[in-house]
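There are 2 protein chains.
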Amino acid sequence: MLSLLNRLPLSQWLQAYNRETFVSDLIAGVVVAIMLIPQGMAYAMLAGMPAEYGLYCAILPLLLYALLGSSRSLAVGPVAIASLMVASSLGQLQLQTSSEYIRYAVNLSLLCAGFLLLLRLLRLGDIVNFISHSVITGFTSAAAVVIAISQLRHILGLPRPPEGEFLPALTSMLQQLDQLNIASLLVGCGAIAVLWWSKKPLAKVLQECRWPQAISQPLSKAGPMFAVVAGTLVVWLGELDQSLAVSTVGLIPEGLPSISFGLIDPSTWQVLALPALLIALVGFLESVSVGTALASKRQERINPNQELLALGAANLGAAFSGTFAVAGGLGRSMVNHSAGAQTTIASLISALLVAVTLLWLTPLFYYLPKAVLGAIVIMAVLPLIDLSGIRKCWQFNKADALTLALTFTLVLVLGVELGILLGIGSSILLLIYRASQPHIAIVGRVGESEHFRNIARHQVSTLNDTLALRVDESLYFANTRYVESFILQQCAAAPHLRHVVLICSAVNFIDASALETLENLIIKLRNQQVRLHLAEVKGPVMDQLKNTELLQELAPGQVFFTTDEAMRSLAANPPAAHPA
Amino acid sequence: MLSLLNRLPLSQWLQAYNRETFVSDLIAGVVVAIMLIPQGMAYAMLAGMPAEYGLYCAILPLLLYALLGSSRSLAVGPVAIASLMVASSLGQLQLQTSSEYIRYAVNLSLLCAGFLLLLRLLRLGDIVNFISHSVITGFTSAAAVVIAISQLRHILGLPRPPEGEFLPALTSMLQQLDQLNIASLLVGCGAIAVLWWSKKPLAKVLQECRWPQAISQPLSKAGPMFAVVAGTLVVWLGELDQSLAVSTVGLIPEGLPSISFGLIDPSTWQVLALPALLIALVGFLESVSVGTALASKRQERINPNQELLALGAANLGAAFSGTFAVAGGLGRSMVNHSAGAQTTIASLISALLVAVTLLWLTPLFYYLPKAVLGAIVIMAVLPLIDLSGIRKCWQFNKADALTLALTFTLVLVLGVELGILLGIGSSILLLIYRASQPHIAIVGRVGESEHFRNIARHQVSTLNDTLALRVDESLYFANTRYVESFILQQCAAAPHLRHVVLICSAVNFIDASALETLENLIIKLRNQQVRLHLAEVKGPVMDQLKNTELLQELAPGQVFFTTDEAMRSLAANPPAAHPA
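First to last, the sequence lines map onto chains F and E. All residue numbers for the first sequence refer to this note's numbering, where the first residue is 62 and numbers rise by one. All residue numbers for the second sequence refer to this note's numbering, where the first residue is 62 and numbers rise by one.
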């Protein structure tokens, strides 16, 4: 038991924990809770769930992450993009009742946890490497647009929910514009104004007041709470829910989520499997990205495999709390860090405050207008639309910019799931396409040295009957045809050639396709009275080749240790006269 | 018009065409037709179509390929794997009537042509590079097993067609074994014996007879025709179709296919799109592989983009002939080549003979037993099960062997479409996984030379406060985290380090993810009083970096031309004293 405890990440800091650290954690925990409570309800609405389920996401999952997570300042809980993905995947199923919707969401959390723990078991924390930065930028930017559009409905006070994302949502909104609720719109715009003001102008005011940090810090992050309080007061005092039909959160059941679980027919899991995997991956990616960024500010490191375990447990916690999938959030984690969180105790304090809210404070949210929650979501996701990142990417590398633009467009047109899948696919295909045309340099000797350089760029000397070339890439299926036809073309263009020296200094491995191609190439070259030689073959590649017949088939071609040795040997031994 | 003609591949040989070439082509054309007629009917049966549709595949498509194809000896027409894929994709749709099945097959051909022409338009002939040798070996071996199992039914004379591939087909066969038709089995086994005998033993006999090649050549390839004639005679004379219920081909409508076309609802194209793309890709791959192999025997080259056009036209021809998709076949092309085909005129002769057969000879096939056609298919696909290729792959490279085994298993268990898709996917993921852990060498100076080598393998000298390392891979999303954490770990382990020199001699490009990582790395290292320097940056990469702010952010870190220069400069300028 003790050794198990020692293996938990928190054992690293628990001994050095003291009063000072606790005060830091306490402040950070309070600040995050002030953000988390309105955000939780807002993200629940985004996920298509009743408001309290967003708060359920913020108790048990936080406890579990605090116990297992390797990041000290990652703030786990309901996040915008995962909530959107939950809504998007369940929206397609056309579930009839609200309780069925919730049951499916719970099973989605469970599957999500299952995938994360499976990845942990396979130690595949590195799987995030398969998703390129441009895909992420394109995806999050497009997801932010989709989210913003979906929440606009609440600000406009439109009655019918849209059937689908982006385009259908836009169309449906435009069709309902005649049912626009002006009061709702005013409340929403007011909330946006409060949120905007509390971002920078408020911080400036607070700075001028020179209040102690323990007070100014929470105040500067309390924008969502201000909006909630102001919106609630306006509706309550003006009785806007009755007189002007402003839609509000309404009755929230008091009390903590019950630990229970309603499994659906496992055959239905099939349709949930792919969405769950994607939510798990995207959530994991977001968490690891922000966790790594924060850890590096303190010279700490986070362990991706440990994060898989911790996030898996957090989602298991979400499933057993009967709610939707969670992840480490970008915004709240940044706030948690900058508010001074030293350890995951900060998260425990946030969770405690959420629990207190659920136990005794839910009646306060009865008059909370949905327009305010919509405004909170919109203001939270707008910074995700990374215009400068898009511009930078375009200037730097057109292939990356293409991937970004493609992912962005596909997410808008085809939806989040298909969009990110095709985005990842296209980035990988583009990579292979680039690798399929490797750089090949024909080289010659620099002066009398032992160095060989590209004849196109340097003043070098070559042998008349020998072609020496260096392939700047490992040899494998994607480029093997290209290399073969490059060599054959060179030989066809110079019929006096008798030797081809393939310099393998950049070849880190050879796959079965390349082996096959090399074997065929030897035969084809032999038909043209040309011998293939290898030079500078790396140790591991040579070990590989020793298991094959290639070295026998190569004869009388040779394997030279260095290019210098190859060229001196071939210059000294002119080939036998060949039939004309 | 004349310039268009000059651009056709046949313009290369049409002028030198003479009587001798024609005689060669004539013999090859006859030999191929003798194989093609029974194979065509057999593959039609495999595709789930009436026998005559296999012959329809062998007229118009051949004419079009002869006009446009860049291979002189590729024999286009119905092929085993494409036929299986047609049956597999249409089998899932549970079409009610035979005429509806045919109409869907025609639309599949049309879509297939569309994809090939689209790929041509995009000049994506290199797309075949994305499919590795191990995926192809695994796929064709498994497809051959599936095909053989599916045809076993005809030899056993079982009444009900199986619902599904491989496992369901096997189960369904075993369940029906009590309805086994002994007569059919004997006919089938007889046909197999004839086919086996005509492969090698017959060639030996013919060699001993010393007949002129114009006679012995066609005879040696006429195994399928012998089986057809013998089987037909046995059934006809013994009236086995009546007395013993041996299933036969029956009435084949006389005459050429009418040029017509029944479009289906384009919304149904959605379900046909993926199968059509896969048939197009696999067919293209098979054609290019065999075409390249044959062309290289004659020092010719085939042009993949021209092949896309020619195969697209051939499939358009198939669609307008009202039949299923075609490709360049492995077996018949080899026969065409070895029978002496000089130009595509050989294919025109084959097509002419098929047309003659359809016009006047179809009544001859009335008594042709289906067991014989099944035997022809089985004997044609068995050589595709490439056991020695599998063994060789296993010995050479476990990753390739894994891909092969995975593709093989997935095709059997999940069917041909999903199997090949997942096979291709896994080969690409495996590649990226390998690339995500690039080789990184920490290097030092060899003696007093300008050479720097891996400190783990060579006797080298290093500077105390400088880490020089070489990454043997381009920097991009898949490996950028790995490289970053490698460098940070090295720095954490050696806190006295003040300089890191990243040697970019093997870096052929940097993508946006890697740029972002480098920018972050500079900041993280700076926090630890370490400067990042670059050395041996290649020209194109330097051009890329000049468009970014990286070079400014690097300062006071520098970009050195060579590692030697970097190390001499850093040794000469010891860093300023740093705070303890």
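If you are wondering where the hints come from, they were derived from the structure by calculation, not from laboratory data. Since we're looking at a predicted model, the values are computed, not measured. Fair warning: there could be bad hints in the mix.
Since copy identity is lost for identical chains, a pair holds within one copy or between any two.
Capping the alpha-carbon separation at 25 angstroms, the derived lysine-lysine pairs in DSS-like fashion look like this [to be verified]:
hint	residue 1	residue 2
1	LYS585	LYS260
2	LYS599	LYS265
3	LYS599	LYS453
4	LYS358	LYS453
5	LYS459	LYS599
6	LYS459	LYS260
7	LYS358	LYS607
These are the hints, each one checked on the structure:
1. Taking the shortest alpha-carbon separations for LYS585 and LYS260, neither the intra-copy value of 70 angstroms nor the inter-copy value of 28 angstroms comes in at or below 25 angstroms.
2. Neither within a single protomer nor between protomers do LYS599 and LYS265 lie at most 25 angstroms apart by alpha-carbon distance, with minima of 61 angstroms and 48 angstroms respectively.
3. Taking CA atoms no more than 25 angstroms apart as the test, LYS599 paired with LYS453 passes between copies only; the shortest distance there is 22 angstroms, against 38 angstroms inside one copy.
4. Within a single copy, LYS358 and LYS453 get their C-alpha atoms as close as 24 angstroms, which meets the 25 angstroms cut-off; across copies the closest is 50 angstroms, which misses it.
5. In this homomeric assembly, LYS459 and LYS599 come within 25 angstroms of each other (Cα to Cα) only across copies, at 19 angstroms, whereas the closest approach inside a single copy is 34 angstroms.
6. Proximity of LYS459 to LYS260 under the C-alpha cut-off of 25 angstroms is found in neither arrangement, the shortest distances being 35 angstroms within a copy and 56 angstroms between copies.
7. Proximity of LYS358 and LYS607 under a CA criterion of 25 angstroms is satisfied in neither setting, with 48 angstroms inside one chain copy and 28 angstroms between copies.
Hints 1, 2, 6, 7, counting from the list given before, are not met by this structure.
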